[in-house]
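If you read the protein sequences in the order shown, they are chains A, B, C, D and E. FYI, in this note's numbering the residues of the first sequence are 1 to 125. FYI, in this note's numbering the residues of the second sequence are 126 to 607. FYI, in this note's numbering the residues of the third sequence are 608 to 1117. FYI, in this note's numbering the residues of the fourth sequence are 1118 to 1219. FYI, in this note's numbering the residues of the fifth sequence are 1220 to 1543.
I should point out that these hints are in silico values taken from the structure, not numbers from a laboratory. Computed from a prediction, not measured in an experiment: that's the story for all the values here. Yeah, the Cβ is synthetic: ideal placement off N, Cα and C, and Gly gets one too. Careful: at least some of the hints might be erroneous.
Stated by the list, open to error - Beta-carbon label-pair distances, calculated as ranges: (1) Gly678(C) with Asp88(A): 35 to 45 angstroms; (2) Asp158(B) with Trp113(A): 49 to 59 angstroms; (3) Gly678(C) with Ile147(B): 47 to 57 angstroms; (4) Tyr78(A) with Ile147(B): 22 to 32 angstroms; (5) Glu310(B) with Phe99(A): 29 to 39 angstroms; (6) Val143(B) with Lys1524(E): 45 to 55 angstroms; (7) Asp158(B) with Gly678(C): 48 to 58 angstroms; (8) Ile1235(E) with Ile147(B): 31 to 41 angstroms; (9) Phe99(A) with Ile175(B): 25 to 35 angstroms.
To be verified - Here are some chain D residues pointing at chain B (derived, C-beta under 10 angstroms): (10) Leu1121; (11) Gly1180; (12) Val1184; (13) Leu1187; (14) Ala1188; (15) Ala1197; (16) Val1202; (17) Ala1209.
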Amino acid sequence: MVFSWLHFAMILFLLAGLLFACGPLILAALFAPKARGGDIGMPYECGMVPYGSSWARWGVSYYVYALIFLAFDVDVLYLFPVSTAYTDAAGWIPFVKVFIFLSFLILSVVYFWAKGVFTWPRRIQ
Amino acid sequence: MSHITLIVPELYFLLLVVALMIQSCGTREWKPDVEKWLPFGAGLGFFVSIVAYGSQGYLFWDVYKVDMMSQFFKIVIAFGFYVVVLNASRKKTISDEKRTDYYMLLGFSTFGLMLLASCVELITIYLALELASYSMYAIIPLRAKSKGAAEAGVKYILFGAVATALALYGLSYIMASQHTTYIAELAGKNWHFADNPMAVAGLCLFLGGMFFKLALFPFHFWCPDVYQGASNETAAFVATMPKMGAIVVLVRMATFLKPGLEVTTLLAVLGACSMTFGNLSALVQTDLKRLLGFSSVAHAGYIMVGLVSGTPEGLAAAAFYALAYLVMNLLVFWIISRVAVDGRNLKLHDLNGLYKKAPVLAFSLAAGAFALVGLPPTMGFMGKFFLITSAWGHGYNWLVIVLVLNSALAIYYYLGLFRHAFTEDTASDSSPVPDNGWFASAGAGMLAAAVLLAGIIPAPLFNFAVAAGKSLFGIVAVGGGH
Amino acid sequence: MDFGYPVLTVLIAFPMVAACGLFFLRAPQVVRMYTFAVSILELLLAIPLMNFQLNAEFQFVEQIDWVHQWGLQYYLGVDGISLLMVLLTIAILPLCVMCSWTYIGKRVKEFHFCLLFMTSSVLGVFCSLDLVLFYVFWEAMLIPMYLLIAVWGGDDRKYASLKFFLYTLAGSTLLLAAIVAFRITGGTFAIPDLMQMNFSFRFQFWAFLAMALAFAIKVPMFPFHTWLPAAHVQAPSAGSVILAAVLLKMGTYGFLRFCLPLTPAASAYFAPMMIAISLVSIIYGGAIALGQSDIKKLIAYSSVGHMGFVTLGIFLFNMRGVEGALFQMLNHGIVTGALFMMIGAVYERSHSREISDNMGLGKYMPAFMFFWGLMALSSLGFPGTNGFVGEILVFVGAFQENTWIGFLCVPGALLAAAYMFRVSLKMAWGKPTTASKWRDLNAREWVYLALPAVFVFWIGLAPTPFFNIVDPSINKLLNDFDKRKVAHLEAEQPMQTAANDILSVLADKK
Amino acid sequence: MSALTLYQIVALILLCAGLFGLTQRRSLVGMLICVELMLNGAGLSMVAAAQLTEFNAVLGQLGTLFVMGLAAAEATIVLAIVVVVARRFGSARTSDITTLKE
Amino acid sequence: MNAFLQHLIPLVIGAIGAMVWLGLNALVLVYCERKFAGHIQRRPGPFEVGPHGILQPLIDGLKLMGKQLLTPDNSDAILFWMAPILSMIPVLLLFMPIPYGPSVIGMKVNLGLLLILAFSSFNGLAVILAGWASNNKWGVLGAARAVAQTVAYEIPLLLVVLTISFMTGTLDLSEITAQQSGHIGNWFIWKQPLAFIIFIVAMFGETNRAPFDLAEAESELTAGFHTEYSSMGFGLFFMAEYGYMVVISSVCAVLFLGGFHGPIPGIDGWWWMLLKTYALLSFMIWVRWTYPRVRFDQLLNINWKWLLPLATANLLATALLIKL
C-alpha cells in the first residue's frame, strides 16, 4: 500500500536517468583538458567584456503571464479526476458542472483579455 | 439542484459579482457609473437575505447546511456589504477604471463569506474561507501608490498563508484521528487531550486559522498594520466582514467545545490574553485606524467569552456580539471615511472640534465609541452583557472578570475619540474638513440609530440569535424570530 | 394608584424627549427658557407621586418584558427610600438651570441637553427595580456628567473629567459582573425577587465586594475619593450641584438598595470595615477641608466627610442610623447643592474660587452672606437646621451600636464646625479685596437660594412627614436584614474561603 | 513505526522547515516559497491521513487537490502583491518594507 | 522471490531499453536534423564522416566529451551542474508508460498521462536553473523566456489531453491505444481534429522548437539558457531536448494516431509506432527549417488568445457530445 511497484519503477527509471546523465559527464571530466587562468571563466557575451549585471529588469508582463499560468495550471488539474469519471456518470448534471467550471475558466481569460494583459508591450500600473 | 431556492441569497451575490465583472470588462465608453446602481443592488441583496431567513435544509451531500444560524449571519453579512458599498461609493483613493474591479472583489469576498456561513464540513469551510480571503488579499494594496498599503497587503497575505497552512495541517490531524470532517459527527467525538492528543492538537491548529481571520491574540500581528495601511474604505471591510465568517465557523465548532476541555480552556486563555493585549496596545495609539485595529483584537477576545460556555445562549450571545461588532465598527469607519475626505489616515487630533464642523458625525461617533466600550444604552453594552451572562457559571468566571476589567481599561482610548470630537476645540489647520453632506449625515445617523435602537430593544434580534443557537444543538426553536 | 398612565416612565422619559427638542432651538436665551419650562413641567409631572402610600411596598410599579429570553425586564417602582431621592433629583433640576443662567456662556444648547439627559438617567437609577436596567441608567449618567466637566469645566478639566470617568467606570464594571452573578445564581434580575433569596456566604462575600467597590467609588469613600475634589473644582456650578446633590447619593442608595438586602451576611461581616472606613472618611475629609484655600475644594472635601456620615449610618444597621443616613443624604443634597450654587454665584463676580479673593462680603452682599451662613450652619449640623436632624440620628445610632464609634464621630462634627466657621468668617468679615463693586443677589439668585433654604428649615424643624415616608421602608429593610444576616457566617471562614477561591481560579488558568 | 507516523514525520519536517525558513528568510519571495513548503506539508499529511486510516481516501486526495489549487492561487496573489511592493518600494526585502509602525 | 524477480526483470529491461532508445534517437535525430536542414537549404549536409556522413553524430559526441567542462566565474557551481542533470533525469521515466507495441512497454500505469505531464515539467525547472546559475545575460533572458513559454503552452496541451481522456474515460495510454484499435477510422485524429492541431502547435511550444524557439534564439541570444555550457553539459541539454521531442511525438501518436495500431486491422505492431513517431519528428524538423521565428509577444498571445480558448471550447464541445 505504502510502497508499490509503480514507485519502485519510477525510482528505477529516475536512477537510470541519473546514470544516463552522470555517465557522459564523468567521462567528459576524465577526458577533457583542464585549462585555467585568463578570461576563461568570464561570462560569455560574444567576446566582449561583460557590462553590468546579468540581472536585467524585465517587463512586468512576464510576471503577469506567470501569474495567469499559476492560476490556470492548477485549475486544469481539477479536470483530471473528472475526466476519468465523466463517461461513467449518468445524466446531464456532470455536464452542467463541467460547463460551470470551464465557463469560469473562459470568463477569466476574457477578463484578462479585457484588462489588456495580452496587449504587448504594456505598462501595467 | 432541487433545493436551489435554499441558496437564493448566495446566488444573488454571485449574480452581482458576475454583473460587476461584465461591467469591468466593458470598454471605457460603454461603462456606466458603477456607483449609480451598485448600492441598489447591494440593498436588494440585503433584502433578499432577509426574505430568505426562514429557509432550512441540507445541500451538496450535507456539507452545506442552511439553518437559522447561517441565515442570521447571511443577513448580517449582506447588511455589512450594503454599508461597505455605500461607504466606498464616495471614495477618492482609487482611480475610476479600477473601481468596478474593486467592488467586484468586495462582492466576491462577501459571496465567499456567505458560503462560509453555511458550511458544516471542515474542508468546505476551508475552501469557502479561502474564497473569501483571496479577494480581500487583493483589495488591500489597492490604494493609489501608497507604500503602506502594499506593505499591509503583503503582511496580511503572508501571515494569512501561514495561518492557512497551519489550519490545514490541523485538519489533517483531525482527519487522521477522528476519521470525519463533518462538524455534526465531530461533535460526538472525544476531545480530551489525554484520550486523543492528536485530534486536540489538530483542532487547535485548525482553530488557529480561524483566529487569524478573527485577529485573536497570537494571530493578530496583521491587524493594526492592515487597518493602518489599507485605505479607509477597505479597512472598513477588512475590519468587519471576515470576522463574521470566522465567528460563524467558531460558533458552529463551539458546539463541541464543552467547558472543561483543554481546547476550551485554551480558547478562554487566548481570549483573555487577546483582550488584555489589545486594550493595552490600543492605549498608546494615535493613528485612529491602528487604534481600532488593536481594539478589534480586544473584541475578538470578548467573543471568545461567549464561545467557551458551550451553551446555545453562549453561541447566541457570540452571534449577537458579532452583529454588534459589525455595526459599531462600520459606524466608526463610516465616520472616519467621511472625515478623511481626501482618504488620508486620521490621527486622533484630526477629530478635534468635530462637534462644530459636523455635529451629526460627531454624535454618531460618540454613539459608536460608547458602543465599542460597552456603555448602555447601546448595542455594544447589550452584546457584552449577553456574553458575560452566558459565560458566568460555566467554569470560566475568571474570564468574565477579565472581560469586565478590560472594559474599564478600554474606556480610556475610546473616550479619547469622544474627547477629541467633543471637548477639544483647537483644530490644527491641516485637519481635513469633514464631508458634512446629507449622504454622510444620513448614513452616520442611521447607523448610530441602529446601534442605539438595538441597544434599547435588543429582544427581536437576540431572540433570533437564540433560536439560531438552539438550532445548532438540535433544540427545536419555539417562537423564534419574533 | 392608577393614574391611567405610567408615572415613572413619563418622569424618566420626559426630560430625554424634551432634550431632543433642544436641537430645534437656536438662541441661547430661548434654550434656557425652554429648559426651565421643561424642568417646571417635570416638577408638575411629579405631582402624582404625592399619592405615595406610606408603606414599605414598591409603588407605581411598571413591569414589561424587555428581553424575555434573558429574563430582562423593564421594571420600575419606588419605595420610601427612592422616593425621596427622586423628588430631590427633580427639585434640583430647575435650580441647576437657574444657577447656570449666566454662568454658562458657550455651547448652551449642549449644556442643557446634558442636564436633561442626566436627570433622566439619574431618575432611572432611582426608579429601576431590575438590576440590568439599573446598570443601564447608572452608566448612561456617566456621559453627560463627563461632558459637563470636560466641556464647561475649569482649566484642568481634561484631567478631572477623565479621572471621574475612569474611576466610576472601573468601579461599575465589577458591578456588572456581580449583576450577572446574581442572575445566574438567583435566576432573575428583579430586585424585589432577589431580596427574598438567601445566597451562600461565599457568593455574598464576592458579590458584596464587587458591588461595594462600585458604590464606594461613587460615594466616595476614603481611599477612592480622589476624583471628587478634582471633579468638583473643575465642574461648572450646575455640574457640581448635580454631582453633589444627586450623583453621590447614587452610591449610598446602592448600599441601601443592594448591599444590605441582597448580601446581608456579607454586609454584616464587612460592617466593621465599612464603619472604619466611614470614620476615616469623616475625619480625613474634615481635616483636609480645614486646610483648603479654595472654597470649592473645601466644600468638596466636606462632602467626603458628610458622605462618611451616611455610610456610617447605613452600616450601623439600626433604625436611627439608617434613618440618619437617609436624612443626611437628603440634607447633603440640599445644603451642598446650595453651597455650590453660591460658589458659582460668587465666582461669576470674582472669577476666583480662592477664599482670599472673596473676603469681606458681609458688608457688600448681605443677602448672599445670609444664605451662606444658613447653609454653613446646616452643613455643620446646627440645631434647628436639617443638618442637625441627620447628624444627630447618626450619632444616636452610633452610640447605640458602640460607644467608641460614637466618640470617634465627634471629632468629625467638630472639624466640620471648624472649617465651616473658618471659611464663613473670612468670607463675611475678612478684609475685602475687590468686593466693593459687586452687586448683591439678583432676583434669580434669590429664587434659587430661597428654595433650599425653605427645605433647610422644613426638615430641620418639622421632619415628621419625611420620617413617615421613609420609616416603613427602613423598617422592612432592617427586618429583612436581621432575619437573613446570619447565613452560615460561623460555618465558613470567610477569608479562608476567599483565598481558596482565588487560588482555584489561578489553578484553573494554568 | 506505522506508515502514517512516517508520513506525518515527513510532513512535520516540511512544516517546520517552512516555518523556520519563514523566520530566516529576508526576501518576500523566499518567504512565499517557505509558505508553499508548509502547505505542501499539510497536503501530504492530509492525503496520508486519509489513505492510511479508515477515513475516506478519496476525500483526502480531493482535499489535497484543493490544497494544491488554493496554494497556487495563493502564490499568484502573493506574487502579484510582491510585484506591487517591489514597484512601490523598489525592493522586495523585508528589511526595507517597514513604513507601518505606531 | 520468484514473483519479485518477475516484476523486477521486465522493469530493468525496460530501463535499459529506454536508455538505448534515447541514445539511439539522439544520434539519429541529430543526423536527420542536419541532413534535413541541408537538403532544405539545397546543400548536402554532413558528408565527410562515414558514408553520407552517417557517423557524424557519433563523432560529435566524442568531440563534446573531449571538451573542457567549464564553470564560469560568478556562477553558482552546484546549481550550474545540477541543471543539465536535472533536465536529463526524468526523460527516461517519461518513456515508461508509453506503449510502443502490444508488449513493448516499460510498465502499464493507470495514470500514465498524468505521470508524463508531471515529470516533463522538470524540464522547465532545469532550464531556469541553468539560466539563472550561469549568471549570463543571455542565459537569464533565455531562461525567463523558456519558462514563460513552456508553462504557457502546457495549459492548452493539458486541455487537449483532457479532451481525449474525457472521451476515453481513462488516463492510461495503453487503454487509449486499445480504444483506437481496428481500422484507421477509429483513430482519434478524426474525432478530434481541432485537438490534434492544438496539440501539434503546443508541442512546438513545449519543446522550444522553431518557430517557437525563443528560448534559444541563436540570432538574438546566442544559445539562450545554455550559452555558458560547454562539453557534455551542453550535450546533456541537447539529448534531453531530443528526448522530450521523442516523448511528445510518441504521446501524440498514441493519443491521435492510434499508437501501435495499423491503419487496417491485423497488422498492429511496434513498427507502426516507430513510423508515426518519426513522421511527427520529421514534421517538427521540417517546420524548424521552413518557418521563421515568431516574436515573443506573438508567441504568448497565440497561446493565450487562441489555443487556450479553442482548447477549452473544444473540451466543452466534447463533453457535450459525449452526453448527446
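- Query: Honestly, do Gly678(C) and Ile147(B) meet the 47 to 57 angstroms range at C-beta?
  - Reply: holds (52 angstroms)
- Message: Can you tell me whether the CB distance of Tyr78(A) to Ile147(B) sits inside 22 to 32 angstroms?
- Response: At 24 angstroms between Cβs, range holds.
- Message: Hint validation: Leu1121(D) versus chain B, beta carbon distance must be below 10 angstroms. Holds or violated?
- Response: holds (6 angstroms)
- Item | Hint check, Ala1209(D) versus chain B [nearest Cβ-Cβ separation less than 10 angstroms] | holds (9 angstroms)
- Task: Grab the minimum C-beta distance from Leu1187(D) to chain B and call the hint holds if it beats 10 angstroms, violated otherwise.
- Result: Result: holds, 5 angstroms to nearest chain B Cβ.
- Between Phe99(A) and Ile175(B), does the beta-carbon spacing fit 25 to 35 angstroms? 32 angstroms Cβ-Cβ, so the 25 to 35 angstroms window holds.
- Given Ala1188(D) as an interface hint, is the shortest Cβ-Cβ distance to chain B below 10 angstroms? Holds, because the Cβ-Cβ distance from Ala1188(D) to chain B comes to roughly 8 angstroms (cut-off 10 angstroms).
- Task: Could you say whether the range 49 to 59 angstroms given as a hint is met by the Cβ separation of Asp158(B) and Trp113(A)?
- Result: violated (23 angstroms)
- Message: Does the closest beta carbon of chain B sit nearer than 10 angstroms to the beta carbon of Val1184(D)?
- Response: At about 6 angstroms, which falls below the 10 angstroms cut-off, the nearest Cβ of chain B leaves the hint on Val1184(D) intact, so it holds.
- Message: Does the beta carbon distance between Ile1235(E) and Ile147(B) stay inside 31 to 41 angstroms, or does it fall outside?
- Response: The hinted range 31 to 41 angstroms is violated for Ile1235(E) and Ile147(B), with Cβ atoms some 59 angstroms apart.
- Message: Holds or violated: the hint that Val1202(D) contacts chain B, with Cβ atoms closer than 10 angstroms.
- Response: Hint on Val1202(D): holds, closest Cβ of chain B at ~4 angstroms, below 10 angstroms.
- Message: Against the range 35 to 45 angstroms, how does the distance between the Cβ atoms of Gly678(C) and Asp88(A) compare: consistent or not?
- Response: violated (59 angstroms)
Of the hints listed earlier, those the structure fails to meet are numbers 1, 2, 6 and 8, in rising order.
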